[in-house]
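2 protein chains.
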Amino acid sequence: MTPLSAVHPPNPIVSTHILGIDIGGTKLAVGVSTAQGKLLSSERIPTNSSEGPDRVLARLAEVCHRVIDKAGVKVDGAGVGCVGPLDQKTGYVIDPVNLPGWKKVPLVDTLKHHLKMPVFLDNDANAAALGEHRFGAGRGMANMVYLTISTGIGGGIIINHQLYQGENGNAGELGHMSVNFAGRPCGCGNVGCIEAYASGTAIAARTREAVKASGTSDSALLLSIAGTIEQINGQAVVEAVRRGDPLACRVWDETIVALGSCMVSVIHIFNPRRIVLGGGISNAGDLLFVPLRKQTKKHSMPMLHDICDIVPAELGDQVGVLGAVAVGLDGLARANS
Amino acid sequence: MTPLSAVHPPNPIVSTHILGIDIGGTKLAVGVSTAQGKLLSSERIPTNSSEGPDRVLARLAEVCHRVIDKAGVKVDGAGVGCVGPLDQKTGYVIDPVNLPGWKKVPLVDTLKHHLKMPVFLDNDANAAALGEHRFGAGRGMANMVYLTISTGIGGGIIINHQLYQGENGNAGELGHMSVNFAGRPCGCGNVGCIEAYASGTAIAARTREAVKASGTSDSALLLSIAGTIEQINGQAVVEAVRRGDPLACRVWDETIVALGSCMVSVIHIFNPRRIVLGGGISNAGDLLFVPLRKQTKKHSMPMLHDICDIVPAELGDQVGVLGAVAVGLDGLARANS
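Chains A and B supply the protein sequences, listed in that same order. Taking the numbering used here, I'd label the letters of the first sequence as residues 1 to 337. Taking the numbering used here, I'd label the letters of the second sequence as residues 1 to 337.
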């Protein structure tokens, strides 16, 4: 028996080079990286998913070859982070909301055909968690939980230095933990998911509802930033909070309570060393982290709270490609073990 | 690197025998078991914790020696499941609510001194989870989550066949996941914990509140079972639900909604193969499991829901001792690896 405590992160050969491929609904990002997460070359192009998977993937493969040529190194394998749902075992993309028309696309086999190298796939949130763990804010942490707070909320769980996949590769849907069994309906079919309160989309929707309910008297600043009620988005709310708009601040306070509740549950469940928050909303910085840490401390058990910190992600715009690189490195290490 | 998927449960030597010790607030249970979970001898005595740890542990040691003699085998080590909080590293008991006056008790060292064998310790919920995984409802499951719904709610997480301990041994406090950030206060300091809704204590408290709020007109049956409002306990509520008491049924329905929300979150977080429910409230049987499964299915993602079942624990009254045996077996396997 190998106890979990003796399981360490992969120790890649220093000279390994990995192609990282980030497939999103609006853009494709590709890069060649060392095993230490140093990008040697990279490129971004629009996805244009409506062209259909065949044409998009052929275009993607061209970019891959160009990026490899630019890096001037031998590439040992590729990692892909892609919007889900995916079937990990077969390497198929299963009809993601953000890639309309991509039904049962054999992504791994198609890329293997184009690239002639081993290809490893995971969903974008898991890839980002792995990227932050290998190269970013989670380096060296045995037990870490990552959440990306963006249009939606995604998550990834690192246990004993490794990504926890669950029974069929779908663990870590942390955006769909409920924080209120009698709360807001979520697009996933559940009730009160944290995504229905604290994603950029949900913050904007809750703010629009609040403006409509209470009138515009205490949201003049917010509306001057956003334009119209309909134009209110997550970034506008954050900016209005920064400048002290009363209504935006009330919505933000409730967001902190909901997100704090989620952090407390994550701490009580996982007893992690660190929680890493990425995604657009995490760019709010101290406006988010200072009250969130206070709220979390107030409600969590000291023995668990006191060894866990909540920190911003470090990889910024590179998290897509570097997350994919981490997926590739892990895949190669598993294949060679 | 050893991938998690290649990590298997310990494969104990067939002839191993373990002493299992279950230390609860009201009783001590001790047994000698084979590595396959077959009890050869066992005994129970009252804890009488007010005697103080020295006298209680000396009495416990006497029982251990008697049980070992009765089994007539060589015992290789002992496992202990004890009410927490504990300090795993030092083997100390840290002032549990249910063992008043037991402040910083060196439990492992004291038992080693009395028993002259290796002693391994974990909290009672983790021990029960491990026991159900090795010998009960979770046999052979790589990824399983266990909850005991009793006076309180405790939990244990099995990941890749092993108990997940977290950063400092406190992972799996599943009773203190919040299911409502604006909900009932919990004794732990958090708000809306599932323990504050669905533990036996909470079900009784919520029922008493409902009777006081709505009068006794629709709870005549419940009161005939319990006696007085103050005498309402979890078992009385379950019995009243079984016999169709309208008020008890309303409280039970809300309990199912809260517990279902917790199940959905557990499924979305862990993507487990199985959720095992033990503890006194789980003895409600179909009254609990049938509506809970329906509620869980309604709100969880099909890809995750469809590979996960929710089943009753199997070890019944033996879970304390057999959980402790599993802790001992795991400890020995780690020590010998």
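Hint data in this document are derived by calculation from the structure and do not stem from the laboratory. Each hint should be verified, as a subset may be incorrect.
One copy or any two copies: either way a pair holds, since identical chains are not told apart in the list.
[To be verified] Pairs of lysine-lysine, DSS-like flavour, derived with a Cα cap of 30 Å:
1) Lys298 with Lys38
2) Lys294 with Lys89
3) Lys70 with Lys38
4) Lys212 with Lys70
5) Lys89 with Lys298
6) Lys38 with Lys294
7) Lys38 with Lys116
8) Lys297 with Lys103
9) Lys104 with Lys212
Do the hints match the structure? See the list:
Proximity of Lys298 to Lys38 under the C-alpha cut-off of 30 Å is found in neither arrangement, the shortest distances being 39 Å within a copy and 45 Å between copies. Proximity of Lys294 to Lys89 under the C-alpha cut-off of 30 Å is restricted to the inter-copy arrangement: shortest distance 29 Å between copies versus 41 Å within a copy. Proximity of Lys70 to Lys38 under the C-alpha cut-off of 30 Å is restricted to the intra-copy arrangement: shortest distance 14 Å within a copy versus 65 Å between copies. Taking CA atoms no more than 30 Å apart as the test, Lys212 paired with Lys70 passes in neither setting, with 53 Å inside one copy and 75 Å between copies.
For a Cα distance limit of 30 Å, the shortest separation of Lys89 from Lys298 across copies, 26 Å, qualifies, whereas the shortest one inside one copy, 42 Å, does not. In this homomeric assembly, Lys38 and Lys294 never come within 30 Å of each other (Cα to Cα): the closest approach is 35 Å inside a single copy and 49 Å across copies. In this assembly of identical chains, Lys38 and Lys116 lie within 30 Å of each other by CA distance solely inside one copy; the values are 23 Å within and 54 Å between copies. In the homo-oligomer, the alpha carbons of Lys297 and Lys103 lie at most 30 Å apart only across protomers (24 Å), although the nearest pairing inside one protomer, at 44 Å, exceeds that limit.
Taking the shortest alpha-carbon separations for Lys104 and Lys212, neither the intra-copy value of 41 Å nor the inter-copy value of 56 Å comes in at or below 30 Å.
Of the numbered hints stated above, those contradicted by the structure are hints 1, 4, 6 and 9, listed in ascending order.
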